Amino acid sequence: MRSLPFNHVHCRLAGAIAALSGIGMLLCIQRQPFTILHGFIVVDGLSCLVLITAGLLMFTMPVHWRHLGQLAALGIAMLSGHLAVMAIGLLVTLIVSERWRERGAGLALAAGYGLIGWLASSWRLNASGDGLNSLSFILLLAGAAIAAGLLDRTAAKRGAFDPLAALAGIAALLRLFSVGPWNLGWQLATLLVGCMLAMSAAWRAATTIEALAAEEWLHRSLSGLVLTVTGCASPAGVAAAGLLLLHLTLRRLAQPTAGTAVWAGWLLAGAVPGALGFVAFWSASAAAMAAGIPVLAVVVWATALLCMLAAGRHIQKPARWSSTVSALVSLALGLAAPVLARWLLRPLSDHLQGGLTPYGAIDPWGWAGLLALDSGARTAATAPGLALFALMGLFGALVWLISRWRGWV
Numbered sequence: 031m032r033s034l035p036f037n038h039v040h041c042r043l044a045g046a047i048a049a050l051s052g053i054g055m056l057l058c059i060q061r062q063p064f065t066i067l068h069g070f071i072v073v074d075g076l077s078c079l080v081l082i083t084a085g086l087l088m089f090t091m092p093v094h095w096r097h098l099g100q101l102a103a104l105g106i107a108m109l110s111g112h113l114a115v116m117a118i119g120l121l122v123t124l125i126v127s128e129r130w131r132e133r134g135a136g137l138a139l140a141a142g143y144g145l146i147g148w149l150a151s152s153w154r155l156n157a158s159g160d161g162l163n164s165l166s167f168i169l170l171l172a173g174a175a176i177a178a179g180l181l182d183r184t185a186a187k188r189g190a191f192d193p194l195a196a197l198a199g200i201a202a203l204l205r206l207f208s209v210g211p212w213n214l215g216w217q218l219a220t221l222l223v224g225c226m227l228a229m230s231a232a233w234r235a236a237t238t239i240e241a242l243a244a245e246e247w248l249h250r251s252l253s254g255l256v257l258t259v260t261g262c263a264s265p266a267g268v269a270a271a272g273l274l275l276l277h278l279t280l281r282r283l284a285q286p287t288a289g290t291a292v293w294a295g296w297l298l299a300g301a302v303p304g305a306l307g308f309v310a311f312w313s314a315s316a317a318a319m320a321a322g323i324p325v326l327a328v329v330v331w332a333t334a335l336l337c338m339l340a341a342g343r344h345i346q347k348p349a350r351w352s353s354t355v356s357a358l359v360s361l362a363l364g365l366a367a368p369v370l371a372r373w374l375l376r377p378l379s380d381h382l383q384g385g386l387t388p389y390g391a392i393d394p395w396g397w398a399g400l401l402a403l404d405s406g407a408r409t410a411a412t413a414p415g416l417a418l419f420a421l422m423g424l425f426g427a428l429v430w431l432i433s434r435w436r437g438w439v
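First residue of the sequence shown? That's 31 in my numbering, and the numbers climb one at a time after it.
These are computed hints drawn from the structure, not numbers from a lab.
Model, not experiment: these values are computed from the prediction.
Errors might be hidden in some of the hints.
Claimed, not checked - Computed Cβ-Cβ distance ranges for the label pairs, DEER-style:
hint: 1; residue 1: Gly342; residue 2: Leu149; range: 18 to 26 Å
hint: 2; residue 1: Ser152; residue 2: Leu358; range: 27 to 35 Å
hint: 3; residue 1: Gln383; residue 2: Gly289; range: 42 to 50 Å
hint: 4; residue 1: Gly322; residue 2: Ile239; range: 25 to 33 Å
hint: 5; residue 1: Gln383; residue 2: Leu67; range: 17 to 25 Å
For glycine and all other residues, C-beta sits at the position ideal for the given N, C-alpha and C.
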């Protein structure tokens, strides 16, 4: 693989520009998204989230021309309000990938959006709903699942996980909510495909001996969970998808398989209540409960436990500053989840509202943390906030004192 004649600074600079651009645009769309050139360019919550996560992922990837090409093409695709430009951007993002599976996924994604534009009365994103049909949906779902690693389960030779390819597939499927609403059959297909990928990859991660291979399977499992909650087709599912993408990005930045402190490793695993990973797993389960699918919530928590086990088994020393900083950021983001949900995730779900069902939302609720509400605005699940964490800490301290008094510790 031939590298470009520049150092890591230029590659990291491109990622920083993309991430900061996403944050800057996010500040401007809190009230409503904005369009430029009569809808040819669209800036909304999804495009901002993709730019932020893609920019951060650039810090985790080796310097090569194809990664810069992927970043540029994905940014163009997500900022485009024209289906033809979006299809070309997604195709380029995945066609420059190293493996043929991702290239095939790119062809499927481009064909899906191309078919929608061909059948619709307009190629504009906000006026193409009449072109959405089952064939185009199947192409998009297949492309997203392959990019997330579905075919790697049966591959004789395991390839490296391509985070930008997976992000492109997931973003393409989420963007479909801007085209129009999904029917129940499409939701069910997405739930089944996502659960299959999430569970099987989590099992492979938990049973793999090699630490790096387990980490790759863990990333595929998280991508499968994103597809699963996307299938809920609700604001709660979209919010959970955003949190899971942030957790995956932060874990790649930390690179725990290269060495981390034990406490930092468990924070990054999502096993500690209050960390971003735990909140992301809770949000996925809450989205399932809010949608009225308790069985799906059981699958989500079973997958989460396998992911935590896989991450915990491969905690390696010595501690590195990147993993320590990432673990502290994970804890800070988890504790600030209500603020994060209001600032980043609410615009994401609000701007995709046209294609979402009313069955479930995640609502920030002050000191109590987050609430998952069903279609009747009834509480389906609750995440603890700072006050409850302090209470838990107090009980833990009392238990420790009693144990010391009794001589148990």
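Hints, verified against the model:
1. Gly342 to Leu149: 18 to 26 Å: Distance hint for Gly342, Leu149 is violated at roughly 49 Å.
2. Ser152 to Leu358: 27 to 35 Å: The hinted range 27 to 35 Å is violated for Ser152 and Leu358, with Cβ atoms some 48 Å apart.
3. Gln383 to Gly289: 42 to 50 Å: holds (44 Å)
4. Gly322 to Ile239: 25 to 33 Å: violated (40 Å)
5. Gln383 to Leu67: 17 to 25 Å: holds (23 Å)
Hint compliance for this structure: hints 1, 2 and 4 are not met, and every other hint is.
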